[in-house]
Amino acid sequence: MAEHVAGCELFESGHRACGGCGPALAARLLLNATGENAIVVASTGCMEVFSTPYPETAWKVPWIHSLFENAAAVASGIEASLKRQGRSEKVLCVCGDGATFDIGVLCISGAFERGHDITYICYDNEAYMNTGIQRSGATPYDASTTTSPAGACSTGNQRPKKDMPAILAAHGAPYVATASISYPQDFMKKVEKALNTPGPCYIQVHAPCCTGWGFEAGETLNIGKLAIETGMWVNFEMENGEVTKVKKVKRKPVEEYLSRQKRFRHLFKPQRRDAEIAKIQAIADRNAEKYGIDIKKKE
Amino acid sequence: MSRIEFMQGNTASAEGALAAGCRFFGCYPITPSTEIAEHMARKLPKAGGTFIPMEDEIGSIASVIGAAWTGARAMTATSGPGFSLMMENLGYAVMTETPLVVVNIQRGGPSTGQPTRAAQGDMMQCRFGSHGDMATIAITPNSVQEMFDLTAKAFNLADRYRVPTFVMSDEIIGHMRERIVIPDSVETVSRPPLAEGELPFAAGDDGIPGFAPFGTGRHVHVTGLTHDERGYPDTTDAEAHDALVRRLYRKVESARREMADYEVTNPDAESVFVTYGPPSRTVQQLLHDRQDEGVGHLRLRVVWPFPEFALQEFADAKVFLMPELNMGQMAREVERHVDQPVIPIPKLGGELHTPAELASVLEAHR
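For the record, the sequence lines run as chains A and B. Sequential numbering of the first sequence, starting at 1, is according to our numbering. Sequential numbering of the second sequence, starting at 1, is according to our numbering.
Check the hints yourself; a few may be wrong.
[Unchecked claim] Going by beta-carbon spacing under 10 Å, a handful of chain B positions derived as facing chain A:
| no. | residue |
| --- | --- |
| 1 | E38 |
| 2 | F51 |
| 3 | D56 |
| 4 | I58 |
| 5 | P115 |
| 6 | Y232 |
| 7 | P233 |
| 8 | V361 |
[As the list claims (entries may be wrong)] Listing some non-contacts, in silico: residues in chain A with all C-beta distances to chain B over 10 Å:
| no. | residue |
| --- | --- |
| 9 | V61 |
| 10 | H65 |
| 11 | G132 |
| 12 | R135 |
| 13 | P149 |
| 14 | E242 |
| 15 | K279 |
To be clear, the hints were calculated from the coordinates, so they are not data collected in a lab. Ideal placement from N, C-alpha and C gives every residue a C-beta, glycine not left out.
So here's chain A without its partners, still in its complex pose:
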């Protein structure tokens, strides 16, 4: 782990994030892992907005806002030029799920196909939070957002979450991983591994958003943990397209995760929607089977 002095972090305090912001913690852990020898390319998003206005700029490494759709292409230019100059800075993209799953896919695909030595971090809070909670390709099934509102015509977001890690693994990325801010050591280790792996690497870090998901600010880490413990989020590593490591759990029912967030409130009030909850349980069950996350009892 890169050295740092407590209270003097590369991602400084005093920024404008909500209390209990998952992405802010992700950024802090991320820079703890990268150290100073890093250049950050950030797309438009909540983190860009809350972490950069002067004089509360949180970033103590070189930082550039691309636009919304093109962080990976700006990073490609930086990386290719640094390489030509014989320099050693690590190039990172730090982008939300909107920028990663939707508008940025073209540029990410190009950068990964060309094989630039970059580490792409997607902080996944599962919707467009900067503009006020609209669905993205990362929004889970049945979550209510302002553009997938639950109501008379709908039970919320009608599509499953896009499998972005698989898409990038299919590009031949040497290292693809998922992580969670609720498991900080694991996340930082994965960042270091990505930085030390030549070629384009991708880490998708689950970063609960208390404002967008609707839970108390003090619950962020617990919500992140529950996502893992219910199988709604799986922490894994993929090397050259093969899953090499998975976080195993004693699984809890998804209801324990869903019932604590307002974005799923319509599944419980005014009346319980058992059929919808069962569909989400089935998603978790499929995750569990696909990645083998269940800790088997000894027979």
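For chain A, the structure is supplied; the task is to place chain B on it using the hints.
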């Protein structure tokens, strides 16, 4: 019965679209336009329409083009960066004569600029932003009521002229809340259909071909390449290209009298303010404060095609004063048409001109 409400401009724009029969909205959220998408997300499914969150603004405008060719009244809403991403598709919509509406809630640019502050910096972009020669329609509301009325009207203009039509609003009007009267129904101009035996891109004297969306029994071939009256590419024939581009240009430009929409105050004035959008509100206040002075005011509601004849209504004008929330974009257009001096009064940063600021410019040019 019409009903009275207290409403935000963006919401009023969405309501105007619904009243006009808009049944497709391709969505990509962007400040300060997002409330339009959010309102459509709630209301459009109930109205039997389609609301699709798209992956970016290229997708949102392209989905609107696709929907328009199924015969639906279709729109999207955006702001500066999203509008920039739409430019290639908007040129395509001009070339393919696809009727659609884009509401642009303008914010400070260039680039991501000032997401939460008003500007009028896209007035040239909506006219000249895509490559090639083209003509489009742009309308400019200055109140919450006009967000409703002019969004509804935009669909009629888009359908009548088969051209992308822009509601060029801004953060001030979009986020302002005012009293609004919502009528029972709005006037709807139906699309002239493609007549039996006519070629799909053959036009009469008005330059506008009849519209035959997919599934209406005609084998329409739609392409952004230079095409003949059948719709088939003909990319090397100089005459074909000349004829097509001139027609696309002329069908809008030559109709500027019939679509003209402006207000004239004190036509005998020597000093005349020319405005569109929210700066007109400041001028209205100034005129109210100086009722005895007979200051002139031309307020444009249709800015493109530009109604240069409206300037002639001020026969005694000695100077035209143009407060704009940009560096003087439309002032350049006015300059083209008059011999009198045109004084741009640019205001950047997101605030409106104050009446005092305009008064001092007025005094300086008497």
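Checked hints:
| no. | hint | in the structure |
| --- | --- | --- |
| 1 | E38 | holds, 4 Å |
| 2 | F51 | holds, 7 Å |
| 3 | D56 | holds, 4 Å |
| 4 | I58 | holds, 9 Å |
| 5 | P115 | holds, 8 Å |
| 6 | Y232 | violated, 30 Å |
| 7 | P233 | violated, 26 Å |
| 8 | V361 | violated, 33 Å |
| 9 | V61 | holds, 21 Å |
| 10 | H65 | violated, 7 Å |
| 11 | G132 | violated, 6 Å |
| 12 | R135 | violated, 5 Å |
| 13 | P149 | violated, 6 Å |
| 14 | E242 | holds, 29 Å |
| 15 | K279 | holds, 20 Å |
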